[in-house]
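Quick note, the sequences are listed as chains G and C, same order. Read in order, the letters of the first sequence are residues 1 to 168 in our numbering. Read in order, the letters of the second sequence are residues 1001 to 1758 in our numbering.
Hints listed in this document are in silico derivations from the structure and should not be mistaken for laboratory results. Ideal Cβ placement from N, Cα and C applies to all residues, glycine included. The hints are all genuine.
Computed spacing ranges between beta-carbons, pair by pair:
id	chain 1	residue 1	chain 2	residue 2	range
1	C	A1084	G	S90	45 to 55 Å
2	G	G54	C	D1133	30 to 40 Å
3	G	D41	C	E1156	55 to 65 Å
4	C	E1115	G	S90	36 to 46 Å
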Amino acid sequence: MIEKTYLSAGRSAPLRIRVNGRETELDVPPSKRLLHVLRDDLGLTGTKRSCEIGRCGACMVLVDGEPVNSCLAMAYQCQSKSVTTIEGLSEDGMTLVQQCFLDEGGYQCGYCTPGMIVSVTALLANDPSPADTDIQEALSGNLCRCTGYGGILRAVKKAIELKREQTG
Amino acid sequence: MLLNRETSGGRWRIRPDGTGKVTGKLAYLTDLSLPNMLIGRVLRSPHPHAYIRRIDVSKALAMPGVHAALTAKDVPGLNRFGIARPDYPVFCEDRVRFIGDAVAAVGAETAELAELALAAIEVEYEPLPVVDDPERAILDDAPLLYPEGNVFHRNEFKFGDIEAGFAAAAHIVEETYSTPRQMHTYMETEGGLFVPGEDGRLTAYSPTQHGFMDRMQLSRILAKPEAEIRVVSSPIGGSFGGKDELNVQPYGALLALATGRPVKLHNSRWESVRAGLKRHPMKIRMKTGVDADGRLVAHRAYVVADKGPYSTLGAEVLNFATEHVVGPYRYGAVDVDTVSAYTNNGMSGEFRGFGGNQAIFALEGQLDRLAALLGMDPWELRRRNLRQAEDPGPLGQPISVTGGAGQVWESLAGSALWGRRSDPALRSSSTAPWLLCGIGSAYVMHGAGLGVGIPDPAGGRLELRADGKIEAAFGYEEFGQGLIASLTQMLVEMFGFAERDIVVTIGDTDVVPDSGSTTASRATSMMWQSLRRMRGPFGGKLLEAASVALGKPADALALGEGGIRAAENGRLLMNYASLAASLAASSAQPIRTQTRFSYPTSPVDRVGAHYMYSYAAVAVEVEVNTLTGRVRVTDQYHAVAAGPVINPQGYLGQIEGGSSMALGFALTEDAVMDGGHYVTKNLDTYLVPTIVEQSGGVTVDAIEELPEGDEHGPRGIGELGSVGLAPAIAEAVYQATGKRVSKLPIDPALLQERFRFD
Ligand code: FES
Ligand code: FES
Chain G
1 MIEKTYLSAG
11 RSAPLRIRVN
21 GRETELDVPP
31 SKRLLHVLRD
41 DLGLTGTKRS
51 CEIGRCGACM
61 VLVDGEPVNS
71 CLAMAYQCQS
81 KSVTTIEGLS
91 EDGMTLVQQC
101 FLDEGGYQCG
111 YCTPGMIVSV
121 TALLANDPSP
131 ADTDIQEALS
141 GNLCRCTGYG
151 GILRAVKKAI
161 ELKREQTG
Chain C
1001 MLLNRETSGG
1011 RWRIRPDGTG
1021 KVTGKLAYLT
1031 DLSLPNMLIG
1041 RVLRSPHPHA
1051 YIRRIDVSKA
1061 LAMPGVHAAL
1071 TAKDVPGLNR
1081 FGIARPDYPV
1091 FCEDRVRFIG
1101 DAVAAVGAET
1111 AELAELALAA
1121 IEVEYEPLPV
1131 VDDPERAILD
1141 DAPLLYPEGN
1151 VFHRNEFKFG
1161 DIEAGFAAAA
1171 HIVEETYSTP
1181 RQMHTYMETE
1191 GGLFVPGEDG
1201 RLTAYSPTQH
1211 GFMDRMQLSR
1221 ILAKPEAEIR
1231 VVSSPIGGSF
1241 GGKDELNVQP
1251 YGALLALATG
1261 RPVKLHNSRW
1271 ESVRAGLKRH
1281 PMKIRMKTGV
1291 DADGRLVAHR
1301 AYVVADKGPY
1311 STLGAEVLNF
1321 ATEHVVGPYR
1331 YGAVDVDTVS
1341 AYTNNGMSGE
1351 FRGFGGNQAI
1361 FALEGQLDRL
1371 AALLGMDPWE
1381 LRRRNLRQAE
1391 DPGPLGQPIS
1401 VTGGAGQVWE
1411 SLAGSALWGR
1421 RSDPALRSSS
1431 TAPWLLCGIG
1441 SAYVMHGAGL
1451 GVGIPDPAGG
1461 RLELRADGKI
1471 EAAFGYEEFG
1481 QGLIASLTQM
1491 LVEMFGFAER
1501 DIVVTIGDTD
1511 VVPDSGSTTA
1521 SRATSMMWQS
1531 LRRMRGPFGG
1541 KLLEAASVAL
1551 GKPADALALG
1561 EGGIRAAENG
1571 RLLMNYASLA
1581 ASLAASSAQP
1591 IRTQTRFSYP
1601 TSPVDRVGAH
1611 YMYSYAAVAV
1621 EVEVNTLTGR
1631 VRVTDQYHAV
1641 AAGPVINPQG
1651 YLGQIEGGSS
1661 MALGFALTED
1671 AVMDGGHYVT
1681 KNLDTYLVPT
1691 IVEQSGGVTV
1701 DAIEELPEGD
1711 EHGPRGIGEL
1721 GSVGLAPAIA
1731 EAVYQATGKR
1741 VSKLPIDPAL
1751 LQERFRFD
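Construct the entire structure; sequences and hints are all you get.
This is the structure we're talking about:
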């Protein structure tokens, strides 16, 4: 929901946002894209910039747990929300999904990888054993130009399998 | 060997650069920033063709926070760049020739200010007639881009009596093929950070495929000695040939020197589309005849390529197409003419496959059409005409001998996918009769290296560093292909080092040797050759030094994980750090080996002819939805013969990823232009394959066997995978629907049928 006070206040009211577990206050215009807030104001460059129109997923982050193209979200829309970027997925080390991308070679240049991993993380958080069509649906907004998605799919399947073993 | 993680066993390794990529910690060059940096922006032409009558930057310069507004007169050196021929203006002086042309650049304190400053620059243009059709461009009455005419480059190749060949033919196929303006679409757009040093030096942190080439060209533009320029060029978020030429570097460098402050540029996607290279759109007319037994008796090809306004490597691409429209077959007579024409369309240039994609789409289309006329299995037709191992190359030149051509033919013929062709259940389903299936195949023989007549240096350096690390330094770039991983894997497997013993240094002109470009599927081959040359000398020096330090004969010692080991039982005797320390203590020379050589070439006098080739055969199964006209690829089989697999994960990734580009080339990708303007400006209309299009299986058979005594080792695989899938899809569509595809990407309207539901 739009928080009217911040929107109408322009620069005078700060953006309050929780990023990777840390409360942050920033003096940025309400219309500034979350992508640029993250990259330019917070130095969180793991979130990538590619199309800036919501078509590639390189900029994917979690906003209150939901995957969002940060190039489409404006600062005011993130007021009081909790944002998780690739840097915040795991406190230290690596999540299971990240480890599977590493093991299976689910990346090449790596530029799509943070966004891809964020989308996979969101998918598996909602549904630990998605069907193939669900995987396709969930990742269809994340473009990868290098891998042809082979390694990515193998990584996702591996993550599903390992998750099942862990919980099973 | 079917290539996957299981069959690769322990050779399937985690990439050394992987952790930074999956955690987002790896800083790309467009992620860099400095506290006092300026934002650079480039003003580009709104017209595809126009005279510039006046440029006035004074209003922009007067804006507070704008620190520079540069035009052609601010370029101290050569106001041009281009790898093969420097004819691309850094800033246009009096004429623009495409809508990516730059006329000015600004450096300002914020992105918003830079944008405003661009808007404040006044440029008066006088539009000129636009040349947007390469075929018309070379007619006598076409408006000219250059006084010398619109023909940029021509080539030809002919042998035999072509008319007699056609006269003797039992069947002749004539067809015109056209291919799209494919965009590299690296996910990281061009950009970088340009930092002037207090010592007068300039550091350009910006992706490229050959750091030393950038340094040389920047030196020429800036009128600054090469030694005063450092180019840091890796890691890179994808390139595929697209970042081979300079892009933002001249502007970043000029702005940084003009303002004395660091300057960052990072293209928007639209700016990348507008100014960046694309694959040359080609129109290829072919006439090919066979005798009643299916022997190719005559083959004529005429290629017209859309160059756009400036050279880039357009001549080399056309030469490559000239060679690859002939390809792997034997003919009675051949008659090839090719021409590349200047237009006011977007810039065409180097792109993975390098003219082979277009040429082979057409050539394989001819073979499939001839097979149908002959009533012959298309794969059998290829076998009858296939080159033999000892045959010369496509241009009659001697080439390195491998059995690759026959090996991939056999592999495909024996594949399960190809076997399904005769399955009567394949063609259609009774529950959804509008879905039609078909299987097609294609054959690829692809040259690697830059070819005859083009300097193609290679080399590298190994050193035992003072801290005990083995440093491998090469002037190559990592744009995702896994170069660091492949180099590490070779060091482990050829020398016996552990991964933790090794440091790979690349992508920094201050510290690496010039190894030539990271292009033309050459880098892995050249690293392998370099290491083979250095293995004896470098390993020998390590063992000698250890022999002195340990007081044991060198032949009782061996290189191993972590250090020097006893040859007989592998026991660790001395780690590399101690070895380095003992060298330092005795003031001995540091241990260092360097090698320099050139990519092997064919001993002929024909510019661009290749010596080393890789071979691939591709089979594909498609499902055509005749209601929507959409084609879905459901299964792929790739047989690849390119020598030993250096890095299984990387190899598989190159074939899978390359073929994904071919899928886009065949089905959806086209940077559409209208009157010299881009219609497709971003990824909402420029459609690269998503995971949905890529849901079918991909099987890769890597054939490693080389003839005994082969000296060349791994052949290139970086481009090969991006070629064969498109013609294979075209044939599969024909098998499914009976409709021939000669234009890519396939227009769904061609495949739509009226369907009656009763
Ligand atoms: S940059 Fe946000 S979706 Fe492409
Ligand atoms: S790994 Fe390069 S775009 Fe996905």
